[in-house]
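Please work from the sequences and hints to get the whole structure.
Position in the sequence shown counted from 1, then plus 558, gives you my numbering.
Hints are computed from structural coordinates only; laboratory data are not their basis.
Accuracy of the hints is not assured; some may be wrong.
Computed beta-carbon distance windows for the label pairs [claimed, not checked]: (1) Glu749 <-> Asp657: 38 to 48 angstroms; (2) Glu671 <-> Asp630: 22 to 32 angstroms; (3) Asn730 <-> Asp560: 16 to 26 angstroms; (4) Lys658 <-> Arg610: 16 to 26 angstroms; (5) Asp690 <-> Arg733: 17 to 27 angstroms; (6) Ala747 <-> Arg653: 29 to 39 angstroms; (7) Arg756 <-> Gly575: 20 to 30 angstroms; (8) Arg729 <-> Asp630: 37 to 47 angstroms; (9) Glu670 <-> Lys598: 18 to 28 angstroms; (10) Lys658 <-> Asp560: 17 to 27 angstroms; (11) Glu670 <-> Arg695: 17 to 27 angstroms; (12) Arg756 <-> Asp618: 17 to 27 angstroms; (13) Asp753 <-> Ala648: 36 to 46 angstroms.
Calculated pairs, SDA-like style, for lysine to any residue (alpha carbon to alpha carbon, straight line, at most 20 angstroms) [to be verified]: (14) Lys658 <-> Asp681; (15) Lys678 <-> Ala656; (16) Lys598 <-> Thr643; (17) Lys598 <-> Pro696; (18) Lys658 <-> Glu561; (19) Lys658 <-> Asp638.
Using N, Cα and C, we set each Cβ at its ideal position, and we do this for glycine too.
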Amino acid sequence: MDELKLCLVTDRTQTHGRDLTAVVGECLAAGLPAVQVREKDLGAGDLAFVCRRIRALTLDRQALLIVNDRVDVALAVGADAVQRTSTSLAIQDIRAVADKRLRIGVSTHSLEEAVEAELKGADWVVFGPVYDTPSKRPYGPPQGLERLARVAEAVRLPVIAIGGITPDRVRNVLRAGARGIAVISAIIATESPADATRRFLDALDRGA
Numbered sequence: 559m560d561e562l563k564l565c566l567v568t569d570r571t572q573t574h575g576r577d578l579t580a581v582v583g584e585c586l587a588a589g590l591p592a593v594q595v596r597e598k599d600l601g602a603g604d605l606a607f608v609c610r611r612i613r614a615l616t617l618d619r620q621a622l623l624i625v626n627d628r629v630d631v632a633l634a635v636g637a638d639a640v641q642r643t644s645t646s647l648a649i650q651d652i653r654a655v656a657d658k659r660l661r662i663g664v665s666t667h668s669l670e671e672a673v674e675a676e677l678k679g680a681d682w683v684v685f686g687p688v689y690d691t692p693s694k695r696p697y698g699p700p701q702g703l704e705r706l707a708r709v710a711e712a713v714r715l716p717v718i719a720i721g722g723i724t725p726d727r728v729r730n731v732l733r734a735g736a737r738g739i740a741v742i743s744a745i746i747a748t749e750s751p752a753d754a755t756r757r758f759l760d761a762l763d764r765g766a
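Here is the structure:
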């Protein structure tokens, strides 16, 4: 699942005032294969507006668009997938609404959650935080590489690692069994998100 080897998770509060769509566009032009729109404070209408703008860019670049939590918005904008959180619809309910129109990723923070996600029909799991990072502190202390490795060994689904991952840490994350990585601030908050994207892609190619 190469399209998930690097996923940018959006946070428009970290773009230093730059337009989110423009930042995402630069990353896609640099080779970003997937973007997850995660703007949790937006209502459905505003979120759909943002997602439609980004959807046009992902279609142009043949990249994956994932919408965080909101199945209705994901369907409305023609997204490829929805990322389920602990407060989202259950996987079976997402399937009932979306059928096969959406793939389902599930955010997990323990081995038990990852195994449950697989049993209930998820297409992939995001696991973390692997390392310490401010955006993921509400979800508990870092899980570390050993727990990541246990999850990757326990499930057959692709495991995407998130939380404090830098290009220098990519090799160890892949060695632990992750199939890809998800990144927020290490790309979106940098002076050049496009250059940061390239550094991650280079690290992924070297670590594969």
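Now the hints, each set against the structure:
Under the hint 38 to 48 angstroms, the C-beta atoms of Glu749 and Asp657, about 43 angstroms apart, fit the expected range. Range check, Glu671 to Asp630: Cβ separation about 24 angstroms, and the 22 to 32 angstroms hint holds. The hinted range of 16 to 26 angstroms is satisfied by Asn730 and Asp560, whose Cβ atoms lie roughly 20 angstroms apart. Checked against the given bound of 16 to 26 angstroms, the beta carbons of Lys658 and Arg610, roughly 22 angstroms apart, stay inside it.
Take Asp690 and Arg733: their Cβ atoms lie about 20 angstroms apart, and the range 17 to 27 angstroms holds. Separation of Ala747 from Arg653 is about 35 angstroms and conforms to the stated range, judged on CB atoms against 29 to 39 angstroms. Range check, Arg756 to Gly575: about 23 angstroms between beta-carbon atoms, so the 20 to 30 angstroms window is met. In this structure the supplied range 37 to 47 angstroms holds for Arg729 paired with Asp630, their Cβ-Cβ distance being about 39 angstroms.
The supplied range of 18 to 28 angstroms is met by Glu670 and Lys598, whose beta-carbon atoms lie about 24 angstroms from each other. In this structure, Lys658 and Asp560 meet the distance hint of 17 to 27 angstroms, their C-beta atoms being roughly 21 angstroms apart. With their beta carbons about 21 angstroms apart, Glu670 and Arg695 fall inside the hinted range of 17 to 27 angstroms. In this structure the supplied range 17 to 27 angstroms holds for Arg756 paired with Asp618, their Cβ-Cβ distance being about 19 angstroms.
Under the hint 36 to 46 angstroms, the C-beta atoms of Asp753 and Ala648, about 40 angstroms apart, fit the expected range. Between Lys658 and Asp681 the CA atoms are separated by roughly 11 angstroms; this keeps the pair inside 20 angstroms, and the hint holds. The hinted pair formed by Lys678 and Ala656 meets the criterion: a straight-line CA distance of about 15 angstroms does not exceed 20 angstroms. For a cut-off of 20 angstroms, the pair hint linking Lys598 to Thr643 stands: about 11 angstroms separates their Cα positions.
For the proposed pair Lys598 and Pro696, the alpha carbon gap of about 15 angstroms is at most 20 angstroms, so the pair holds. At most 20 angstroms may separate the alpha-carbon atoms for a hinted pair to count; Lys658 and Glu561 meet this at roughly 18 angstroms. Taking the CA atoms of Lys658 and Asp638, the gap is near 10 angstroms; set against the 20 angstroms cutoff, the hint holds.
No hint from the list above goes unmet by this structure.
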